[in-house]
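*Asks:* Sequence:
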Amino acid sequence: MSEPLGALNLPPVDPLPEATQKYFDICMEKLGMVPNVLRAYSFDIAKLNAFTAMYNDLMLGDSGLSKLEREMIAVVVSSVNKCFYCLVAHGAAVRQLSGDPKLGEAMVMNFRAAHLDARQDAMLHFAEKLTETPAKIEESDRQALRDVGFSDRDIFDIASTVGFYNMSNRVAAATDMQPNDEYHAQAR
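Mapping to the working numbering: the sequence shown position 170 is 168, numbers consecutive.
In case anyone wonders, no lab produced these hints; they're calculated from the structure.
Be aware that a few hints might be false.
[As the list claims (entries may be wrong)] Below, computed lysine-lysine pairings styled on DSS-like, alpha-carbon distance capped at 30 angstroms:
{"no.": "1", "residue 1": "Lys80", "residue 2": "Lys100"}
{"no.": "2", "residue 1": "Lys127", "residue 2": "Lys28"}
{"no.": "3", "residue 1": "Lys100", "residue 2": "Lys65"}
Please build the complete structure, drawing on both the sequences and the hints.
*Replies:* Below is the structure:
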């Protein structure tokens, strides 16, 4: 775990609490790495726990959105914000979950170039608008999502995912957070 995390010198708690170390061990087992975003938060276990709880709920929890759709939202938000860390990490996730490297690349560059269904297209346009101009969201934007089959609960999940990635993009930008090298070669 010696690769640079970014611009801030915030050493991890040492030793890590048992539960945190177990979580990191699971990451190593399942991912072959501990994502740098988790390592970056490990200087403050309360912040790390809050971040992982929200991430796990939004990205892995029960939702009418598929895991792929949630990762697609992360990529679109990160593309608008030009978040290098998240584009690399979540672009890799889109490639892996979709089994389509071209989709992952299109999503990172310009989601409009991807071959998306009407549901995904509406969801990602909403995510983009909510990221760029949140004060301009209106009922017609929510209705456009309902018209392609999203429930009000799904719309809440879309909005929460958009909000989470806007927050994490800003932290990554402020700290110059660097993605793990392993992400670059995944699912290609």
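*Asks:* Each hint needs a verdict: does it hold in this structure or not?
*Replies:* Structure-based check of all given hints:
Between Lys80 and Lys100 the CA atoms are separated by roughly 19 angstroms; this keeps the pair inside 30 angstroms, and the hint holds. A distance of roughly 34 angstroms separates the Cα atoms of Lys127 and Lys28; the hinted pair therefore is violated under the 30 angstroms criterion. Taken as a hint, the Lys100 and Lys65 pair is honoured in the structure, with Cα atoms around 18 angstroms apart against an allowance of 30 angstroms.
Checked against the numbered hints given earlier, this structure breaks only hint 2.
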